[in-house]
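Chains as they are written, first to last, in our numbering: chain A, 1 to 426; chain B, 1 to 183; chain C, 1 to 316.
A few of these clues could be false.
[Said to hold, decoys possible] Pairs of lysine-lysine residues, derived as DSS-like cross-links and limited to a Cα-Cα distance of at most 27 Å, are as follows:
1) A:315 <-> C:126
2) A:21 <-> A:41
3) C:245 <-> C:161
4) A:315 <-> C:83
5) A:98 <-> A:166
6) C:126 <-> A:391
7) A:44 <-> A:422
8) C:9 <-> A:315
9) A:420 <-> A:21
10) A:315 <-> A:98
11) C:289 <-> C:258
12) C:245 <-> C:126
[Stated by the list, open to error] One-sided excerpt, in silico: chain B residues whose CB lies under 8 Å from chain C:
13) 19
14) 52
15) 65
Honestly, the hints are just simulated from the structure, not real lab data. Glycine included, each C-beta is placed from N, C-alpha and C at the ideal position.
The primary structure of each chain is shown beneath.
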Amino acid sequence: MASILIQNGTILDPSQQLQVKRDVLIEHGRITRVDSAIDSKGIKNVIDAAGKYVTPGLIDIHVHFREPGDEEEETIASGSACAVAGGFTTVCCMPNTKPALDNEAQIEFVLRESERVALANVLPVGAITKSREGKELAELASMFQRGAIAFSDDGVGVADSSVMRKALQYIKMFDGLIMQHCEDHQLAGGAMHAGLVSTLLGMPAIPAEAEQLMIARDVLLNRTIGCRYHVQHISSAFSVELIRRAKQDGLPVTAEVAAHHLLLTDESCRTFDTNFKMNPPLRTQADVDACIAGVVDGTIDILATDHAPHLAEEKELEFPYAPFGIIGLEPALALYIKALVTPGHIDWMKLIDMMTVKCAQIVRLPRGTLKEGSVADVTVIDPDLKWTIDKEQFVSKSRNCPFHGWDVIGRATHTIVGGKLKWRLN
Amino acid sequence: MQATHDQRDFQRLLNTLLDKIVALVKPGEPLNLVGIRTRGETLAQRLVPLLHDRGITEIGFGALDITLYRDDLSEIGPRPLVRPTVLDFDIDRRPLILIDDVIFTGRTVRAALDALADFGRPSAVRLAVLVDRGGRELPIQPDAVALSLGELPLDQVVKVKVAERDSYDGVEIERRSSHESRE
Amino acid sequence: MSETRWNRKHLLGLQDLSADEIRFVLDTAHSFKEVSMRSVKKVPALRGRVVVNAFFEDSTRTRMSFSLAAQRLSADVIEFTEKGSSVSKGETLVDTARNIEAMGVDVMIVRHAAAGASELLSRSLKCSIINAGDGAHEHPTQGLLDLYTIRERFGKIEGLKVAIIGDIANSRVARSNIWGLTKMGAEVILVGPATLTPSAFASVGCRISHDLDAVIGEVDVMYMLRVQNERMKSAQFPTVREFTKLYGLTWDRFQRCKKGVFVMHPGPMNRGVEIQSDIADGESSGILKQVENGLAVRMAVLYLVSQSGKAVSADS
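All chains should be modelled from the sequences, with the hints used to inform the complete structure.
Next comes the structure, spelled out in structure tokens:
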């Protein structure tokens with residue numbers, strides 16, 4: 001394996017709270033040296049990172065690759081390509097495939113496919129219940145031993161409280177992690193946020209309480225169990241408050257937020273454009289502000305895209321019938337910058353923290369650091385690069401993106417996974 | 001703008017038209033007078049009392065909106081608001097005189113004839129216009145005209161002004177502006 | 001005076017129309033009402049044009065009304081009725097509509113169970129789209145014919161107090177009327193159980209009341225909405241009996257109405273439920289007028305959207 005030298009960049013490593021001009025030498029798949037002015041003699045691959053940040057490889061613990069089952073929307077291969085094009089070196093893919101990732105063989109399949117494609121590291125999240133039906137526990141321990149990074153029935157939450165309680169107890173047994181799509185089953189069924197806009201549009205709607213109810217329930221169920229528990233795609237103000245209180249009570253809760261819940265509101269749905277339809281839905285400005293505040297004060301630990309590919313013909317349906325979800329891996333970094341860094345809510349160190357080491361800690365992955373000796377998952381980012389999001393240029397098989405045409409700043413220019421350059425901006 | 005006829009002239013023209021209409025009417029016969037909206041209607045309204053003075057008293061009066069009967073060729077420019085057609089008389093088997101301010105291509109009259117056909121079957125339909133400016137696109141000729149202007153160039157527009165709508169009476173010839181429709 | 005008063009290719013809802021545009025449609029409808037009084041109830045305005053009634057949701061009366069309106073304008077009318085969601089059929093709504101349009105359609109009238117369906121089609125097709133009802137979102141021609149009927153009865157709309165009573169939350173008729181009436185200067189009072197009268201409507205200028213008897217004496221128009229049994233099943237109100245007790249226009253309530261009150265209903269009525277028979281059939285009822293005016297309004301709308309592309313002004 002050829003060595004890579006990244007010169008003249010500023011390393012941003014939250015794991016060491018380090019922001020300083022350093023060169024980084026990568027050899028045999030590992031970061032062997034981080035030093036000022038490393039000599040490039042004899043090294044074939046030299047990356048000039050002048051004016052750029054050199055960060056640990058970005059991690060996204062919430063993506064949907066539609067393999068097996070809906071390969072025309074996205075595959076592990078195309079999804080991995082999206083990931084590295086967005087600067088991500090590791091992603092965790094959700095089990096709502098067809099069939100679901102609810103047994104060892106499926107977990108093995110994802111890991112092998114990830115290896116074969118050899119772009120980003122794709123780690124499978126196993127289903128909590130068989131076929132994600134919410135009734136019987138799947139073979140959780142076996143999946144864990146095989147390499148499932150966490151468990152979730154994402155797409156839906158575990159509706160039955162007694163099943164959820166058992167899941168918490170069982171997964172706690174091997175110190176596993178549950179990621180929950182928090183949505184009360186009986187308040188679900190709408191197409192957008194229940195508020196002023198949905199009332200005026202006459203659209204069936206999902207109240208914010210649907211999310212809050214399940215968060216509250218799970219926090220209560222988990223009080224005496226203490227399983228590691230992570231709230232996916234948080235979207236409402238009071239949900240943030242519930243997490244804040246749970247953390248204050250010392251409970252093992254973490255939370256993530258997606259770019260669209262930091263940038264868009266339900267007003268976008270007035271045009272009935274299904275590129276603004278996702279679950280949980282876009283809510284009000286007050287909810288957006290609360291999520292941003294949650295990021296700032298640490299209630300929300302990490303950022304995650306919930307990359308959910310759908311083909312145009314699937315999305316080009318009547319709003320109430322169209323599937324939920326938008327893609328997000330490729331524009332993610334720029335959108336997080338736009339929502340959080342540019343307005344001055346957080347700085348670059350915290351941004352990278354929420355996209356690297358914190359993610360790694362939640363899924364217990366020995367990544368997210370530039371310490372000498374660690375696996376060389378590295379991203380080079382140009383923080384000043386101006387570009388326009390053009391979904392036609394995406395590597396994804398799908399095009400369902402509401403940010404098409406947005407002018408943004410900041411982009412990954414190099415993505416190095418396991419010491420090999422897997423993507424470079426042309 | 002060329003004001004060919006002013007207020008005084010207008011009265012003379014109206015009287016000329018009146019004479020010619022009277023010549024079309026059989027004495028003692030009921031008559032239906034229908035003005036084509038909008039200025040044809042105004043002229044017809046003025047003619048009713050004048051006809052009374054000439055001893056023609058049994059007059060049915062109506063106003064015809066031909067907007068819904070126009071053919072596509074006459075559609076350059078803004079379309080007018082559709083107003084109701086009001087024909088409060090017995091149309092069948094009685095003579096009917098259509099009144100309009102200006103005749104040009106003849107398409108308005110064709111549309112008016114189509115509209116009348118949906119209401120019934122007059123015994124005869126005659127056409128009386130204040131001004132004929134030539135330029136026919138259909139074989140339609142007035143039976144009574146007050147003022148013949150020969151074949152006017154197509155870049156000119158004839159406007160009849162009536163006090164009830166325009167605050168003065170007159171006939172004017174103007175150079176056409178781009179949005180005006182041809183009638 | 002030669003301002004453009006209507007240049008819209010589609011009629012998707014009343015929320016986006018200006019008061020001027022609404023007035024223009026009502027004035028145009030007035031002339032079309034006259035056409036319906038002739039012995040030959042036809043004008044050739046839409047001769048040679050193709051109008052499709054694309055009804056993806058049941059409705060006999062609205063469909064008939066549009067059909068007749070188009071025929072009175074001498075258009076060729078095609079009926080297309082196919083129930084069920086696009087997902088269950090396998091062909092998407094857009095595909096179905098495009099296939100129909102490919103046969104040469106000028107105007108497509110669309111009724112569908114999903115909010116935003118006609119908007120989706122207006123983006124995906126080239127012909128004019130008239131929304132005949134999309135989910136709970138809008139039913140603009142109903143709103144317009146209701147405005148016309150009120151204006152016909154009172155000579156004006158501004159300053160009137162109109163109570164809309166019943167299941168507002170699930171009603172596209174209520175929404176279109178709310179937009180139309182508030183734009184034309186009427187005061188709208190929404191009356192119904194808390195589960196069916198969303199408070200969000202207060203932010204667009206409506207009063208909300210859960211007590212019909214408290215407002216009954218002050219309103220000029222009582223607009224009764226139809227009660228649907230599905231609402232009981234989804235726990236939105238307990239029983240029909242309780243609904244009638246609280247919100248039905250009983251004879252007793254009718255006595256306490258303002259003198260000269262005008263009673264309206266979009267149809268079809270549940271006699272004895274939201275409205276008592278003798279009131280529906282009585283002198284204060286505008287229900288049949290609504291149907292009659294519906295025809296004229298739909299003729300006007302068909303005529304106006306077909307003329308779009310050529311600016312339509314108020315003066316000749």
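A quick look at each hint next to the structure:
1. Distance check on the hinted pair: residue 315 (chain A) and residue 126 (chain C) sit about 20 Å apart at the alpha-carbon level, within 27 Å; holds.
2. A distance of roughly 20 Å separates the Cα atoms of residue 21 (chain A) and residue 41 (chain A); the hinted pair therefore holds under the 27 Å criterion.
3. The suggested pairing of residue 245 (chain C) with residue 161 (chain C) holds, with an alpha-carbon distance near 23 Å, which does not exceed 27 Å.
4. Of the pairs offered as hints, the one joining residue 315 (chain A) and residue 83 (chain C) holds, with about 20 Å between alpha carbons and a cut-off of 27 Å not exceeded.
5. This hinted pair checks out: residue 98 (chain A) and residue 166 (chain A) have alpha carbons roughly 25 Å apart, not beyond 27 Å.
6. Between the alpha carbons of residue 126 (chain C) and residue 391 (chain A) the distance comes to roughly 25 Å, so the proposed pair stays at or under 27 Å and holds.
7. For the hint linking residue 44 (chain A) to residue 422 (chain A), the alpha-carbon distance of about 16 Å falls within 27 Å, and the restraint holds.
8. Between residue 9 (chain C) and residue 315 (chain A), the direct Cα distance comes to roughly 25 Å. Compliance with the 27 Å bound is thereby established for this hinted pair.
9. Distance hint between residue 420 (chain A) and residue 21 (chain A) is fulfilled; the C-alpha atoms sit about 22 Å from each other, no more than 27 Å.
10. Proximity of residue 315 (chain A) to residue 98 (chain A) is assessed by CA-CA distance (about 19 Å); at most 27 Å being required, the pair is judged to hold.
11. For the hint pairing residue 289 (chain C) with residue 258 (chain C), the CA-to-CA distance comes to about 20 Å; that is within 27 Å, so the pair holds.
12. Restraint check for residue 245 (chain C) and residue 126 (chain C): the C-alpha separation of about 49 Å exceeds 27 Å, so the hint is violated.
13. The closest approach between the C-beta of residue 19 (chain B) and any C-beta of chain C is roughly 29 Å, which is over the 8 Å cut-off, so the hint fails.
14. Interface restraint check: residue 52 (chain B) against chain C, minimum CB-CB distance 27 Å, threshold 8 Å, status violated.
15. Checking residue 65 (chain B) against chain C by beta carbon gives a least distance of about 7 Å; that is within 8 Å, so the hint holds.
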